[in-house]
Structure formats: structure tokens, C-alpha cells
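> In case you want the letters, here they are:
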Amino acid sequence: MEASHSTVRVDLGRAIREALFAGLIAFGILLPLIGFNTVQNIHNELVLETRWALLAAMVAIIAGGRFLYALLVTPWLARRAHAPRRAHAPAWRAALGRWFAPFAIGFAIVYPPLALALSGPQGAAKWVDNFGVQILIYVMLGWGLNIVVGLAGLLDLGYVAFYAVGAYSYALFAKTFGLSFWLLLPIAGCLAAFWGILLGFPVLRLRGDYLAIVTLAFGEIIRLILINWVPVTNGYAGISGIPRPSFFGIPFNADDNGFAARFGLEFSPIYRTIFLYYLILALAFVTAAITVRLRRLPIGRAWEALREDEIACRSLGINTTNTKLTAFAMGATFAGFAGSFFAARQGFISPESFTFMESAVIVAIVVLGGMGSLVGVAAAAVIMIGGTEIMRELDFLKAIFGSDFDPTQYRLLLFGFAMVLIMIWKPRGLIATREPSAFFKESKTVAAEFVREGRG
Amino acid sequence: MSYDPPASGTRPDPASPAVATPMLQVEHLSMRFGGLVAVNDLSFTAQHRDITALIGPNGAGKTTVFNCITGFYKPSEGRIALQYGDAGVWEELGALTERGTRSTRRGDGALFLLERMPDYQVTQQARVARTFQNIRLFAGMTVLENMLVAQHNALMRASGWTVLGALGLPSYRRAERAAIDKARYWLDKTGLVGRADDPAGELPYGDQRRLEIARAMCTEPVLLCLDEPAAGLNPHESAELGDYLNAIRDEQSTAILLIEHDMTVVMEISDHIVVLDHGQKIADGTPDEIRNDQKVIAAYLGVEEDVADEVLAELPGAPP
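Residue numbers (my numbering), protein chains in the order written: chain W, 689 to 1144; chain B, 925 to 1244.
Hints listed in this document are in silico derivations from the structure and should not be mistaken for laboratory results. Each residue gets a CB set at the ideal place from its N, CA and C atoms; glycine is no exception. Careful, some of the hints might be misleading.
Computed beta-carbon distance windows for the label pairs [unchecked claim]: (1) B/965 x W/1045: 56 to 64 Å; (2) B/1097 x W/1123: 14 to 22 Å; (3) W/1063 x B/1081: 28 to 36 Å; (4) B/1091 x W/935: 26 to 34 Å; (5) W/886 x B/1213: 52 to 60 Å; (6) W/789 x B/1155: 43 to 51 Å; (7) B/1128 x W/770: 46 to 54 Å; (8) W/1136 x B/965: 29 to 37 Å.
Restricting the straight-line Cα-Cα distance to at most 20 Å, the calculated cross-link-like pairs of lysine to any residue (SDA-like) are [said to hold, decoys possible]: (9) B/1113 x B/1175; (10) B/998 x B/1032; (11) B/1219 x B/1191; (12) B/1113 x B/1163; (13) W/1129 x B/1118; (14) W/1132 x B/996; (15) W/1129 x B/1122; (16) W/1129 x B/1098.
With the rest of the complex left out, here is chain B:
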């Protein structure tokens, strides 16, 4: 018995080329901590099966945006809508917002307002998975156990909320074998299958980063949020990571939202880039557009503060 990943196409693909509807729509998102405005009136969208990068200088509010999307923070203002399945469900957005509930379904489509959901439900129901800037593995548990914890909800159902599993029913044993097969599938893809029985804390840094992504994929997400996955990796490992993310996107039809400082990786794999500075969006477009955007160059790509003023002054429409 082996795990068959959901092949591309079996998952309902609403984004027909003619009418491109987004999967994630962030509108007027603001997050304030006391007097500090970490994110200010940010709006952007991410498309199905796209790799969207969120870039910006340190302290620009990228991780805060992530924490709002994944439910770790409750935004001060704004709406974060996520949809998968039948795209027609987007029509319910206004009604859903009025009603004050968290989600709605139409056919096989589901629409969620993430800002209303607690963190674990964002993963459990809206199927958004995430990784962390500082790796958060279960260091004292083996690699395999890490992968099994990620399948907690499915296994919990299969074990009849522990009761049936404690009795040792065959249905639970089957479910556990399937979960181990799924873990093996992802470990195989990540090249970690040989270390499955070692404690996660024993892995070298690069492997820990990849294990965290593999673990997130075990939750079968429709949107995978990666917070600086290439941090601390060497150029070779970064290139491998790029291929790996492309493979996830192509084979699983999982959309990826990415925070990254490594511009080689970002420019290489992103379909769409959103640039933040001081909590505000300063640019939004394809890698080519971003590469040539004066504001981005000034704010982010290494122009000195005094030169940045000159650059900005030269831009059309700048204040005198």
C-alpha cells in the first residue's frame, strides 16, 4: 500500500484561464500593536497555483501579514478571504461578511474569512499551512513522528476521537498505515526518508528547513505560507529549494505564499511579487515589473537613504 498524492487535476481547479479568480484576497488589512502600525491598509490577491512572494526590508511587516493570514494575530482591520473548490462561491463573499460567520460553502466550493478564525482552524478547515522564520520542529520527536503529528486531525477522526483507536480497531490501524505511507511519500520527495527514525533536532539545518515544509504539506494545504524558507541555506540548497517549491506547486496544485530575502530564489520562482515597506504596499506585479520598479529599488534593493530621496524626487508625481 502506498500513498497516492492528490494529482493535479483531481483537485477541482476553479481558475479557468478565462475568468481568473483569486484564491486569497486580502483587503484593507491593518494591524496595530498599541501605537505601532505594523501593517497599514494592505490589499493584495494571490492566485490559485501561483507562487506569490511577499518581500520588503526588515521590519516591513511581512511576518505580521503572515500571522494575520494564518490566524496567529487578529487583524485590527480588514478582510482576508480564502477560497478553494468551485469559484462561484466568491459571490457569497458579501453575504458571508454581513452574516458574521466564518465560512460558507456552495457546491464543492468553500469560502473562509480567515480573520475570524482561530489559528488551528485556519489550518484544519481553510487548509492553510505555514512554516516559521525560526524553525519550529518537535525536536525531541523523530522525523516520522513530526510527520504524523501533522496528520493529527485525519488520524483523530480515524481513531474515533481516541476511543476506537484505543480499542485497536483495524480501521484505525489502516488509517495509521496510510498516514505513515503519506509521511514516507513526502520524506522521499524531501530526501529525508533515510533519517525518518532520527530525532528531528539531530538533523542539520538545511534538512530541518525542508522537514518543516514537508510536515506542513502533510496537512494537505491549498495554500502554503513559507516564512523565509531559504534563510541560512547555501546557494546550492537554495536552488534545490526553488525546484522543490516549483514541484509542490505543479504536482499538488498548492498555491504558495512566500516571505523571502534571497532575491535569486524570489525572482526565479515567483509568479507574482508584493513589496511591503513600513507596513504599506509599495509595489505589486510580476518579477520583471518589480525588478524595474524605482520605488522598490529605492526602498529595498540596497539604495542608500540619501540617494533614495533623489531617486524618489525624480519619479513623476513626487512631492517637491
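Extracted from the complex, chain W is given alone in its bound form:
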């Protein structure tokens, strides 16, 4: 009794100390950020305003949060760390692992009709386009980058460059030569792969941080070319009026030979949206199928071996130059496909869409999902992109925070939260284990602690 009493008191003291410390740091950081505000008065002069109440509230929230965390969560974490580890994951988790992927695929397939049935042609457009298509684009980009970062272990921060190459190739070829989407899709993929190899060559000798910096710069170079090569790319103004894909030759318009008329439906833009949804779904499935297939081929094993130990690869006669270049090329190809789809869907592209932020989001998706895991990457894309889209829907928050509150402004905050949570809860991503590509008797999942992340 005596002992337990003293531990409680010690914890309380520590919690108060930590809360005071956190409050102090918060005060130091927030004093200039929140405490002072500059506003323009009616004479167009900047005047300094102080917001002590808001500052006090924020500091109190942070100190209180830290107090509760130290009092409740820290002991719970300590208990959990000391508790004996269960030898086997609970049955529900194994079942979840087995059924999650088929269920998710099934849901992805029935999603548009479901949305159509539940919210009608007007409402469904938002759900299919903003959520479905948008998320699937990032799933595909995540899966493409997963080959480079997750399998080959090469940290690429300029992935959006290949997305841009794909988008501009489709836009320019379709507008200039009037070629069809299906013909341009492989061309865009090839061009992106070409640029992937071109980037690959100079960075072959670089590893880790250095590789990340050079790829980041490459992404910026491509964006700056798009901005400054005005005769071809039209600079900041971008390219508009990009031909939309047709349903195997049947355009989606209100004409007599349009899609709706041919199939005896009432005209509605939702059919194009649903077609685009299935198009990107098919492209994403192709990406996944190829990745799964390649992992079981020598090239896929060489990628993973490269991530595990490059020197050992070379000692086994593997040409690491070619192996890295194929990884870059393969990843870039999928970005090129996604890019040409993006251009066809938007009908308008500009360099604005291919900023470093996009690369960061895709890398975040791959890292949060667990490098190398298709299911994990897809889940992370749903959480990250779905989460930001949900932000647009939270209009009721305006009733609480006032009418000039814009939830979408807090997108980055959500990213930060997701990152911090994953770092605490699953430092190696949602699914960090890996499935072997070949086995004698039984395929045993490789635990996360053995799988390396690659150093470049």
C-alpha cells in the first residue's frame, strides 16, 4: 500500500514537471506566433495586436495535454512494454490480414454504383471523383514509388517529375497530333521511363541523404523547365483543353452518338467520372499485378537484395547499375501512366500540380504504409488523401470556429499528426513485415526488425 502510494505520488510530481516544461516551451514558441498579430487599420497602417487570451488557452491546452499524457499514457506504455509478448497474433488479426485485401478490392469495384445508388448522379460525382479517383491516383503513385523506395531502397524525393513528364507528354501529344489516350498511355510511360533512366545515371554512385537531395533537385529542374519553356509548355498558364478519353471511341457528351445516348441513358457527367474511376482502378491493378509478379522474378529479388546489402549484391555478380536503373525506370513508368491519366482527367495541367509537396505526399504514403507492402501503401493513401478530402466536408466546424474557418488549411497539420502517430505506434509503417518471394515448405512472414530500409 505504502509503495503503490509513493509511485503514484512520484508519477504525479513528474507529470506536473513535464506539464510545466511543455507549457514553457509552448509559451516560448507561441508567444511570437500567436501572442502578437499584425492587422491593418482603416488608415492602411499595420498595428500590433496582442492576443493574450488565445495564447494562454493554447499554452494551457498543451500543458494540460502533456500532464494527462504523462499521468495516463506513459504508465500504460510502460506496462505494455513489460507485458509478456504474445507468441501469436490474435486470430482476428490473422483473419484481417487474410481478408483485408480481397475485401478492399471488392469494395473498390462496387464503389461507384454504390455511391450512385446512395447519393444520386449529382452527389455521386463528388464521392467518385474527389474520393475515388483522387485516392486511386495516389495509390498508383504510391505503388509506383514503392518499387524504387520500398523494394530497391533508393530514396527518391523527385518522383513527381515523372508524373509531370507523363502528364505533359499526354497533353502535348494529344493536343498537337490528336492521338488517342490508349496510344499515348504507353508513350507517356516510355518517356517517363527514359527520364527515369536519365536521372538514374548521375545518381548511381550516391546513397542515402545525397541521393535524396539530388532526386529532389531533379524534381525541381523538371518543374522549372515546365515553367520556363513557354513555347512548348505555355509556362505558368499551363495547357488547357486537353482531349478527354472516350469510351473506346464513344465520346462522353450530350450528342446523339455520345455515351449516354448510345446506351439509352439520360446524359450526365457522372458516366465519364465513373469511366475514369474504373480506368485508374485498372491502371492501379496493373501496377500491383506487375509489382507482385516482378517480386518473384530475379529482377525483383535483386531489387530487394540491393535494399538489404548492395556490396553483397555485387559480390554475387549482380550488375547493380542495371538493377538500380531498372528500378528507376519501372517506378517512373507507372508515374508516367498516372500522369497521363491525370492530364486526361483534369483537361488542364500546369506546373502548379507538380510541386515538391506532391513528391513529399507520395513519399509519406510509401513510408507510412510500410516500405514494400502494397496493402500498407494503399491503406496509407486512403488515410492521407481521403483524410484531406474529408477536411473539405467538415463544414459544420464553421459553426464552432466561426465562418472564416477553412478546414482544408489544416491539411498539413493532419499530415503531421499522422506522421507523429505512425512514428510512435508503428515506426516502420503500417505493414512493415515482408512476404518471402519463394519457399520450400511454408511461407513465413519476415518480421519487421530483419527487413532493412536501404541506404540509397
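Following the hints, position chain B against chain W.
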């Protein structure tokens, strides 16, 4: 279907007892890192089907020699020639050196100048495999996958550089089954077949060492370079390792080049020993000759620095 290892004798054996030609000939090898001379004018040869040991105190330059032979370093000076198949190809050595190319063939004989080849080609074409002082396994891949990665080049050809394999052609599936059989053969020999589906990083230390050797053997080398294979093994495991290396040499007719500090293992299994000190060769001979060599005793086998001077002074021809 099972893997038949290339039996001894099926592989062309050029080293007829009458004219012993070397398989590896290192001449005037020097390696400098800035001002540091790691290896200085080293020459030695290794014979077909021999176990050649490279010994010397720490920092003597043994691993540097390995890195030069396996292409990880480009030597500052010197020539490293390796031959397999018809020994007549040695006659091409001068012409090959003049020509500036990497390799030449005559009949079924092949001759390589290893100092001109990048690391992966040394394994891929000259068929030299190596292990590392600090074990380099693919820890996150299973034991079997490690063995399959080692057969990358053969499988790559069989998969038609991925294209045919991606289409799932039967010829590739056959090749993959053969590769798995080969992996099973070597895992069987190493006693690791029961752990084939476990991640390599999960194996105990001794098993990891043996797996690294088995993995190197999957590349079908003519020369196997082992960098301290007995490091960290207990006496029982070291003895087993000796038997294992003897078996590789006898059954596969693979020559072995060995860096090792464990003198029991070295004296037991080596046919030929080269002793290095401060980047220079101080002795070269059979285990018996080395055991009785005064210079080796002084430099390497545990004589104190001040005593070493006395020992050296007693040697005939030593400077006063």
C-alpha cells in the same frame, strides 16, 4: 528433379601433375590509399584445386588483397590473372596485357585480368566468389531467397531478362525449380535446409557464416575467396568448417583462397600459405615451411617486438 553438382572431373582439369600451371597469378600488386601503402609489390600464385591461405597480423593488407582480386578495389599497380579451363590459354597472357582488354579465350580455356574488371564481372565472368569479414547476408530475406539471389545471372538469362519470366513461360519455371534444387543441395550440405524459410537475420552466428559460404557456392565459382570464415566460431565449429572447405575443394574442384587468423584451421587445411606483413610478402610455402619460418615467427606468431629484433638479427644476411 534434383540438382547434380558438377562432379570433379567433369570440369576440365588443366592442372595435370606434370606441368602445374597456376589458376591465379598475382604479380607486383600494389595498392596505395593516398600516402598509405596497404599492399606493396606483392606476387604470389594459387594452384587449381588448392586451398591457399593468406595470413598475417592485423593491418597486414590481407583484405585489401582480397578486394583487389575480387574487383572491389582497383589496384594502383600490378597484374592479377585468373585462368580456368584449358591451361594453354596462359600463353595469351602477354598479348592480353598488351591489348588492354579484360579477357581472352582459347578452346574451353578462359583467361581474365581481374584488375581490369568491375566487381560484379569478376563473379559473373571470371567466376570468383567471395565472403566478407563482417557477414553480409540479406538479413530481411529468407535463407532460400539468399540462395536464389546468388543465382541471379543464370535466372536472369532463363527469364529472358524478365520479359519471358513475367509472361510465366514454362522454361523459366523450370529454371527456377532447378535453382531451388541447387539451393537445396547446398543447404543440405551446410545443414541449413531445415531453416530455409526463415529470415537469414534470424540464424545464429555460425549458421550465418556457413550460409554466406553456401550462397557464394551458388554462383558456381572456380575460386572461392573467404575472408576470416572461422572468426567467432567455437573450436568444434571451426573443425567442421575445415571439413566443409575440404569437401568443397574435393567435390567441386573449386580452389579456395582464405584469410584466417585461426592457425589450427589454416595449418590443417591449407596446401599453400602466403604470409603478409605491412603489405609485403614475408614468406610463401607449405604449412610445414611456414611453421618453421623465423621471419613468420618473429612477425606474426606472437613474438614480442624487442625479441623479434633479436630473432631477426640472428638470421643469416640480416643487416648489422
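> Which hints, by number, does the structure contradict?
7, 8, 10, 14
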